[in-house]
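> Just so you know, the sequences run in chain order A and X. Residue 296 in this note's numbering sits at position 296 of the first sequence, and the numbers go up by one each step. Residue 216 in this note's numbering sits at position 216 of the second sequence, and the numbers go up by one each step.
You may find that some hints are simply not true.
Looking from chain X toward chain A, a few residues come up when the C-beta cut is under 10 angstroms (computed) [claimed, not checked]:
hint	residue
1	V21
2	G52
3	S188
4	L253
5	H272
6	S273
7	N276
8	S281
9	P283
10	K354
11	L358
Read the hints as simulated data drawn from the structure, not as lab findings. Note that CB positions come from ideal geometry on N, CA and C, so glycine has one too.
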Amino acid sequence: MVFIMLDRIRNFCIIAHIDHGKSTLADRLLEHTRTIEKRDMRAQVLDTMDLERERGITIKAQAIRMEYNSYILNLIDTPGHVDFSYEVSRSLAACEGALLLVDATQGIEAQTLANYNLALHSNLTIIPVINKIDLPGAEVEMARNELINTLGFKADEILLASAKEGRGIAEIIEAVIARVPPPQGDPQAPLQALIFDSHYDSYRGVIVYLRIVNGTLNKGDKIRLMGTGKEFEALEIGTLKLELIPRDSLSAGEVGYLIGNIKNIADAHVGDTVTRTRAPAPAPLHGYQPIKPMVFCGFYPINGEDYELLKESIEKLQLNDAALFYEPETSAALGFGYRCGFLGLLHLEITQQRLTREFNIGLIATTPNVVYKVNLTNKKTLLIDNPTKLPDLSEIESIEEPYLKVSIFTPAEYVGAVMTLATDKRGTYINLEYLDPKRAMITYELPLAEVIIEFHDLLKSVTRGYASMDYEQIGYRPSDLVKLDILINSEPVDALSFIVHRDRAYYYGKKMTERLVEEIPQHQFSVPVQAAIGGKIIARETIKARRKDVLAKCYGGDITRKRKLLEKQKEGKKKMKLIGRVEIPQEAFLAVLRINQ
Amino acid sequence: MTALYIHIPFCQRKCNYCDFVSYAGKEVTIDAYVAKLAAEIPNTEFSTIFFGGGTPTLLEPRHFEQILKNVAATFRSPSGHGGLKTAATLEITAEANPGTANQKKLRELRQLGLNRLSIGVQSFNDQHLQTLGRIHDAATAKRFYADARSAGFDNINLDLIFALPGQTLAEWKADLQQAIELNPEHLSVYNLQIEEGTPFWERYASSLPVTRYSLPTEDEELAMYETAIETLTANGYHHYEISNFARPGRVCLHNINYWRNGNYLGVGAGAHSHINGQRWSNPNCIEEYLQHSTRMPPNDSRVATDQRETLFLGLRLLDGLEQDKFTGFETEVSELMKEGLLEAAGNYYRLTRKGLYLGNQVFARFV
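For reference, chain X alone in the conformation it holds in the complex (with noise of 0.2 angstroms):
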């Protein structure tokens, strides 16, 4: 089966470190936006739906609905009752930013069958959220993170970023008690990345030592890393993907089927696809996505994937992934597992510890 992802391109604000497809100040263009959006979702059954952003929480309740309505002969009860019920075991998510929905917000979304969260609350320290740009503070986090609770979301993901300019060991530590504190279902912690064309890029990835200074180094990272990994683990998270943790039954099962190389649906802006063995995008630009017609591209515009994508997907995830997946590389396999990056599991190759801190050195020799 298929999932389908719905890209919602909209920010109060860019953050300094974001290089998705979102834009600022186009709130205007919205009402176009999801009736474009709805066109281009086929009446087909999906796996699991997951509104990405931007910020999915600026649109108004109505959007949802306006949205889900297509989809709903997917999910409609097998009674045949009609109207927006989900099926309870369809995993939903938005996500969210806090400051941008208020209780009863959150609530009518509950109701239109969204039925899990994810909040980018990145840190808890108002400093280092002042440096990403955030629109938020941490106490504006909480307050939404309980809003979303007795607004009935009982599956919440927190994103937390490490390795912030100028940010300690014992900040991160801080971050990490006070998520936990929250009890959330899931967490995702990500080492931030200095991704090219952000404003991020300009200040640290610019070669002054001065400007670079700031940056944890490479032995920092990897204790912070590792410091979620032991923290997140010993309360009860297991560790399921490089940065990502849940409670057992919670893991986020959109993302794992990107991970698993599935099929997916994108619909929006800058989303991309994959069906079948090929992927393809659409425009990134918002005025020109409302002008694209073809709800599916032409042959000569999508890139075949295939079996390496397949590993350095699965690899990922730290159960791995099949052996007979890795026929014709029993080469690379038997090197990597010299080196001691990979290591046999029942039936499974998965990363060692090792591995995991140098992912890249694995997936590099898969491609």
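Extracted from the complex, chain A is given alone in its bound form (with noise of 0.2 angstroms):
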């Protein structure tokens, strides 16, 4: 058997705040190491999703093989957000080495430094870019300062580059290869492979990207995942180029992928390790996870005959997406639908407008929470996953909730609107440190459920667009929490209910109804919308009775552009939702979210 020399090999992903031009850095290495021609190049190839591309982030990894002057580089690409961090941290674990790209634009950034502690807790070598010099706005002193200040990098360690006119990339590769250690690993002992990522395809079933770690696996092995226990025959291996290149085996120190007969996309999870059946590895490598939802939702067709496109779209998106949990729920308001669970607040977004684009669902989202843990007077502790199903207020003794530490990067002339934000938010304060003169990171403990809730769009309002921030689960805290009900024309909608601190439940159900009243039509009755906790009526707005609508002219000239009127009309009364009497829009069973714009 031929082992490929693991000195020749090295293994090294980006790792970069959002926009700080990571895809486009993988695209001048792709090209400067002739894996792809540069006609045949689109723009990004790492990042193959539409909404991807729209957002501007990387959802899912991917990894890819260059051979340059012998030595084989696996570039190892990882998700830029902070919903993530699971994957990008397996995806970390499967490197030797991580190129840290900075914005000379823009400094040091929350998730820079947030990738910047994962890489170090993996033990990886990391290279300091700062990347678009080119730019009029670059400051290239400051980012180095900050570099070697706040990550305390050396100076002649960080290199120069301009992605995008493909300055200083040909340094970055002799870089990697002179600074990042190869691979350790043996390849005569049991196999341990690490899965960092995995996805569906129609035709091949789930395709594993995994990196050899002790070992060698071998085409037609017979396989065992360790953490599920699943066993699976390695019908293909082999390594990536744009392209799947099959190979007999791949041994310790390579990243490649394998195709198996594994048909749902759970039986592969993200940190899991691959081992033979036969001579197993004794131990798994260590890290591994379970995924945890953290935040949940409803998801409910519009239309009541579009409950199995809904289950089948969601199934489908599952097929990719091990982290999305899905299952059948039912609301009072809205009829059959799922109980959705994501990795965060983007997931979920992402998740709901893929099944609107993509499967075309007129959908409905409720509002989205966290999950509470609810310690009842009878000792016993549930978990609460959907405001609806907190019990009778007599059964709870105490409420918990899951509380982040929240890292936010701004100019300092913004401190003192993120410091008023975050206590606005039930924030903690913990530390305030200044980078430099001019900028500071600012750590807060806050509520996962206030964070999730328009916090970051009201932190880039409130500094203009230039903070930036990233986050870690800290655990659950107790909390003085109560349910926040919702009544639209005197009927209690299940859908519209949340959970919220008691100090903040007039604020908010002020505020909802306020937003309520905006968000929902006129009626041929007035429909008064109320907030109550408990069955007490704290809030109270009425939507006046619509009492006159009738188009005054309509002649011979007219017709055609009168019928357009009223077919739009009719069209965006079909996109609403109908509860007890009242047409209820998509938007406002998302008005929590924006209640504050």
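Two independent chains are provided; combine them into the complex using the hints.
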């Protein structure tokens, strides 16, 4: 058997804050190593989903093998958003080195630091690169000083580049070869391969991306996934260029893919260890975590008949998104739908958009919420992922909610505004640190529930878009929480209920009712909108009855145009959900997310 | 039979609320335009004729003569004398704007066979007339009306608009009172609609509360509309369409044909036609219209009309529409009846009073 010389392999990734140029740099590396010819280049090859391109983020990791001066350079892409921090950590665990990319016009941002910490935690060799030095607003010295003062790099370690213009690319590749250590591992040992990504292909089934840590994987091997205990056969293995390149074996240090008879992506968890059924590894690689959704909401079809379509669509999405959790649920107001769990709010929004766009489903998403720990008077503890399931107040001893440690990077002049916002959102001040006279890092502990609702938008708005944030989970804390119910035309609408801190209940109740009055169209009768806690009304607004709505003029030349107007009016109605006698538009169900807009 | 609509897209000045096809400052093209119009009219029988605008009264009598000559065959007197003799029963209307014709000109028009005038008075309040961008004041409108009467017009409509920016209910009542005092045969009262592409749209449809503030609220609009209905019916006008009122026997036959979804041929720039289930329209631009050669457009540029249009147009008439026309819409009918928006009357379905105010919600159910 021929083993690739380990010292000719470099496994690395690029880590950066969003929009600091990660995808563009990846493109240049592929070009420079002639892995892909310039003429074949589609901008930003590694981002394949439309939504990723649109939002400028990379959701699913991929890997690509480059060959350069008899070295094998495996570039492993990482998701660029904090919702996917566990996936990021697994991608990092598959590498020995990381390029830390910093935008010369922005300097260090929240995710720069978060990713840096993750990379450090994985013992990676980190190569700092200041990108976008060609831009007129580039402040290379500022970025350099931040890298030196905040992250402790030495001045001579820092590379300069403009990925857009192709400057500094050769130096980056040389640095990867010179500084990133080759992988270690024993090709003769029992097989341990780390799954760092997987995706579902409708022709080939689940394609697993893995890094062989120890041992050798051969085509035809019977394999076992140590986390789930499931067994499969390695029908095809190989390395990754822009397409799959089949090979007979992959050995320690290498990065590649595996196609087995795996039908369900949930069977190939990111972070799981692949071993052989015969002579298995004694233990899995450490760091495996089962997926834990952080944010939940209900998805309901506007038209009841679309329920089956919604079910099939969610199933299809889940084929490629093991982190998407769902189960059927019923709402008194909305009928049959699904309770879905997500890694974070971005994950939720992307899923919602894909259902709407790719599957063309008229969808209502209910107010997102976190998982509450409810301690009952009978000493039992419930985990509640849906406000409507909250037991009667008399049975509740206390409620706990998940907290985050949130780091916010902001220009110094907005420190006051950020602190006001964080306090407003029930934050506890932890720390304030100046990176330089112009920029500060503020740390707060905040309830996750407050962060998922409009926090990021508000942060951007109070800092004119300059702040960035990152967070980590720090467990549950007790809080004085109550369920706020919304009544429309005197009927409680369960899908609009949410859990809120008692001190904020009046504020939210008032804002919610005001917001709903704007979102819900006038009817032929007046519609009261109320907020209540445990049956007690705390806020009320009224949607005035529509009394006059008629086209004054309609003659021979108007008919086609007026018909279109009427058709539009009718279409608008179709997009609304009828609850009792009241038609409620989709937007209303997310009113709580836009309370301050 | 088919009605004939003749569009005259010329105005001295464009009003601030108007989104019709009409242009100010293009009067030099009138001669060519009229020649084109005359050529576009086929030699066939028409049930009614309507000159709309724009401002038809900007045309000279000779223009009307030139156009009517071409349709003259359709209403030449039975004795076959020829010339421009009109059948007494044939309704020939022209829209007219105060200040664009004197008594002499009106007399000539009457002699050419025009027998109905629809005068754009809009308001008797000079301040509101100015806001609307009209070229005349109230006194001019009254004089024009008197001139039309002495010119021999015994079938006159006045157009009025309510819910004007800053208008009070008392001001609207005064407008109605002055209109009634003039004793026209017909009144059209329109709730102001702020149309896209007009100066009013720029001014009032913006979300700035300070500009929206001056428009009457929905409740005020409704009060004005109710007042109009009560006042006019109390004074002997029959309310026969959402915005139209007439003395007995003086309804506008030409317009009723639109609401009954009948056939009509529209000639001139931007004019719409509806014949045997198909709709089409001419180019809006005068220059383009002058170049436009085909009399009937090719099939693919026509749009099929259908029962839905018959229903939403027919329900604009207060008598409503024969029940058998609603075949296939039984669910909608029963829902609307339950909501109190529609009612049966004899073998007709018609809007209730509530349905009249919320007409769009009824119409939208049928499109």
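> Under 10 angstroms is the threshold here; is the Cβ of S273 of chain X close enough to any Cβ of chain A for the hint to stand?
holds, 8 angstroms
> Hint G52 of chain X vs chain A: min CB-CB distance below 10 angstroms?
Since chain A brings a Cβ to about 8 angstroms from G52 of chain X, closer than 10 angstroms, the hint holds.
> Is the interface hint for L253 of chain X satisfied, with its Cβ closer than 10 angstroms to some Cβ of chain A?
violated, 13 angstroms
> The hint names K354 of chain X as touching chain A; please verify it with the least Cβ-Cβ distance against 10 angstroms.
holds, 8 angstroms
> Hint validation: S281 of chain X versus chain A, beta carbon distance must be below 10 angstroms. Holds or violated?
holds, 7 angstroms
> Answer holds if the nearest beta-carbon of chain A is closer than 10 angstroms to that of N276 of chain X; otherwise answer violated.
It is violated, given that the least Cβ distance between N276 of chain X and chain A is near 15 angstroms, above 10 angstroms.
> Should the interface hint for S188 of chain X be scored as holding, given a Cβ-Cβ cut-off of 10 angstroms against chain A?
Given a least distance of 9 angstroms, the restraint on S188 of chain X holds.
> V21 of chain X was flagged as interface toward chain A. Is the shortest Cβ-Cβ separation under 10 angstroms?
holds, 8 angstroms
> Hey, does the P283 of chain X contact hint survive, CB to chain A under 10 angstroms?
violated, 13 angstroms
> Does L358 of chain X pass the interface hint, meaning its C-beta sits closer than 10 angstroms to a C-beta of chain A?
holds, 5 angstroms
> Can the hint on H272 of chain X be confirmed by a CB-to-CB distance to chain A that is less than 10 angstroms?
With a minimum Cβ separation of about 4 angstroms from chain A (threshold 10 angstroms), the hint on H272 of chain X holds.
In the structure shown, a violation is registered for the earlier hints numbered 4, 7 and 9, in ascending order.
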